[in-house]
Amino acid sequence: MRKIVLWAPLVLFLVFAGVFAHGLLSPSSRDIRSQMIGKPLPAFSLPPGAPGHPPLDRAAMATGEPHLLNIFASWCIPCAAEAPQLQQLAEAGVAIDAIAIRDRPEDVAGFLARWGDPYRAIGSDVDSRVQMAMGSSGVPETFVVDGKGIIRHQHIGQIMPEDVPALLAAVRAAR
Amino acid sequence: MRYGVPLRPAVAATMLALAAPALADSLMPAAELSDTQLPDPKQEAEAKALMETLRCLVCQGQSIADSNAEMAGDMRALVRRRIAAGEKPEAIRAWLIQRYGSWVSYQPTLDRVTLPLWGLPILLVVVGVWLARGRFKRRRRG
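Respectively, the protein sequence lines represent chains A and B. Just so you know, the working numbering puts the end of the first sequence at 177, numbered straight through with nothing missing. Just so you know, the working numbering puts the end of the second sequence at 152, numbered straight through with nothing missing.
Please note: incorrect hints may appear among the correct ones.
As the list claims (entries may be wrong) - If you want the footprint, here are the derived chain B segments under chain A, 3+ residues with CB under 8 angstroms:
1. 35-43
2. 65-79
3. 85-93
What the hints contain is simulated information worked out from the structure, not anything from laboratory work. The beta-carbon is built from N, C-alpha and C at its ideal position, and this holds for glycine as well.
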């Protein structure tokens, strides 16, 4: 008994040191995942985000076919960087709707003219209301929404070329 | 300093880090209620108290009351708009937790993950009292 008591502080110290070392050395993620995965899209209706595109509301997302919902902005540089990947997804037959965050239609039009236009409908969310209702915490983010309007998957940050197959698979799984 | 000297990586990284927030801002004005107090002081006090206990999603570690990030401004506007509409602060907190997880709130709720946080202090006090009791007893006898 006395032996255990003598060794206990050292053992406790080693346990603490181990916990702290693990916390310090393991790579930290600053991503905040949406808790809305598996839940239906919130009800929303947004004004048009760019000329020549229909506006976006919840009903337009529940068409029976899975969609990508891309949250982007013309002022967001990673959004320009992921444009070729979105183009690739659109060419593969995926319907891509978008929400432009804190943006003006004329700026979005300029962005699309410059970086390509893979979008069907674009909604304009000037004060991030719908973005917050979706549990999204930045641009760019991409959600996979199934045909019934249920959120199935969230991709945080820009879509890299190597992310395209996984997103295609997620869209197919949502069918 | 001579021209054309390459920047040290650390200096370059610092400059890039300083430049990053400027790159991440939109051209739009701040949301209507993000920096404007509510006309009713009682409601504003409620909103302020709630904003101080909600975490900014961008500059993580700051409350939305302290953060200058645009998203924090939009969150302040959301809080004020809903308080003005008569919603209870705890309902707004619950709405945000439902979307972002309990991470977004600085007031941890009691659940399986936070159980040690609430339980350990009580356990430590009990153990402390038990240890102290042993000491007092011995002293009385000696």
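Review point. At a Cβ distance under 8 angstroms, does chain A reach at least three residues of the stretch 85-93 of chain B?
Key: holds (count 3)
Review point. Quick check: the stretch 65-79 of chain B, covered by chain A? Criterion 3+ residues, Cβ under 8 angstroms.
Key: It holds, with 3 qualifying residues against the three required.
Check your understanding: Are at least 3 residues of the stretch 35-43 of chain B within less than 8 angstroms of chain A when you compare beta carbons?
Key -> holds (count 6)
No hint from the list above goes unmet by this structure.
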